[in-house]
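J.: Residues per chain are reported as follows:
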Amino acid sequence: MTEYAPSLVRPSVRNALSRLERKLSSERVFGIALIAPMQLLLWFLLIIPTLIVIYLSFVRWEPRMGVDWWDAPFAFLGNYTRVITDVRFWSALGRSAGIVVVAVTLEFLIGMALALFFSRSFPGKRIMTSAILYPMMLPWVVVGLCFYLLFLDRGPVNYVLTQILNRPINVEWFKHPPLAMTTIILADVWQWTPFLFLILYSGLGALPKEPVEAAMTLGASRWQIFRYITLPMLKPVILIALVIRSLEAFKIFDVVFIMTGGGPGTATETISVYIYRVGFVFGQLSYAAAMAVLILVLVTMITRMGVRPLEK
Amino acid sequence: MRKTNWSQALGSGIRWLIGLLICIVVMLPITWVLSISLKPPEEWVAYPPTLVPIEPTFSNYIVLFQPGNPVGGVSEMVSAAQPVTRAFVNSLIVVPIATAASVLIGFLASYATVRFQAGGATLPLFVLTTRMFPPVAFAVPLLVYFRMLNLIDTQLALILMYTGFTIAFSLWMMRGFIEGVPRHVEEAAILDGASPWRVLLTITLPLVRGGLAATGLFVFILNWTEFLLAQVFTSREAITIPVQVSHYVGAVGRFYGPMAALGIVASIPVVVAGYIIQRYLVTGFTFGLVRE
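Read top to bottom, the protein sequences are chains W and F. Quick note on our numbering: the first sequence kicks off at 1 and runs consecutively. Quick note on our numbering: the second sequence kicks off at 1001 and runs consecutively.
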């Protein structure tokens, strides 16, 4: 209990202060009441499911077996050894990682170029910067639909290529593995470059002007200013954007599901699509659970490494 | 002096042209979908393709909601698929309820974590883990779990999941708005003897109204566009619009017109919402880590 010197504090103020103290001690209770609904949801949707997925990954269980999952026979590490030796799992993981690297790099480079381009003022700039944002608001399935319609055998892309190359082009984009992958990456780049543009553009706008002006009076070139002043000052924003976008790109599912369904064969099957197929199409839930657990561990490890520079 | 004016004008003219070109490239994909949605069946795969429909028609939009009606030959192809009415009703029930619940629960929790560090300093970070992993990893155990609770193919299942998986955004977006409310305003009310609930509801809440609206629209976009969980957890009764889009794309017969029309209709609400909260898009997608 804090004591107030009676000679310095009038009784009315003292009363108010002790009332405040009582309120503060009840703040704890109040705070717990406020976070309780969220805690409940987290238990229900995060903690219990995580426990179940870990348990499932150690048993052998499929819904069609006719037993309840808690009665399923133990497989111990059986599911995990199967994942480790599953070529399809590693290829799918590799594809997701590849999409993250290629798509996010392209999004960053194009986004940066656009941000620098629009950072100078010219007529119509405001409306243009708004107009190019809409792809990031679209439903992912609609983005998939867009690119599906664009790359149809007799669609506009083949037609434009025919006109440009001046010979008939009838590429079946979704039937050739590298081309199918290209369409998926293009769809992701089209949808998410606006996000990197927006974050870099607003980041550029928020930078202090003095360092750049000082460098200009000292005779620094545009490239030097960008490389040694603008880029280092933008670094925190860039890192946050890249970490968040990479985590999102790694989840890629909707666009693939709509455009190729993972095909031809398994040529565009990303890790989300593969786990979806194993768990919900083939019905091997305990095997899907083992893969899910491995992904949880993997993503946690990689994110920790990616977030480390942010903590500085 | 005159020369610099000239080159400046030329420079901004060139910039305007390049900017326009960029806009056209970005606009083309959705323009193509819009164009197909307004074309009659003969034009869907006509070659050479035309950007502007030769005989524009709204029949693709009409058959979406009345697949029985014979509209220019489209209906036979669409009657194989379900009408989209059910998906619309489901989305219009599930998404607003889940969004309101997410924002409300997120706001309360956000207030408690900002003002009293309730749940410890790591709670907000822990909440972020719901967004870190591919949702399919949670879908596996949730399916097992929701089967036990008989929640498969129900709106309630989607409402619960959509509330839970967007709470991270609500919590983190609201943090910034709550931190913006000066503490002394609340303290003055406490000194006047107001209860903490009263302070929260009559002082803080009105001051963050704008923030609640922005967060709500952002979460609405996320929930309206969610596909994977809806695809796994619904089959007939509770399907949402994105699932309906995938049914159309996957259906035999390839009715591109209605497919495109559905894509356009599905996009309008979220694009409108997105432009209303344009200022907050960065804040939202980065969990308030980057603020404009």
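It should be emphasised that the hints constitute simulated quantities derived from the structure, not laboratory data. Note that the coordinates shown come from a computational prediction; the quantities given were computed from them, not determined experimentally. Among the clues, some could well be false.
Said to hold, decoys possible - Cβ-to-Cβ under 7 Å is the rule here; a few derived chain F residues that face chain W: (1) V1026; (2) L1108; (3) T1122; (4) V1136; (5) G1164; (6) L1222; (7) P1242; (8) S1246; (9) H1247; (10) S1267; (11) P1269; (12) V1290.
Said to hold, decoys possible - Which chain F residues stay away from chain W? Per the calculated CB distances, all over 12 Å, these: (13) V1025; (14) I1054; (15) T1057; (16) Y1061; (17) F1065; (18) Q1066; (19) N1150; (20) G1180; (21) P1182.
In this text, a Cβ means the ideal position worked out from N, Cα and C, and glycines have one as well.
J.: List in ascending order the numbers of the hints, as given earlier, that are violated by the structure.
T.: Violated: hints 3, 6, 9, 11, 13.
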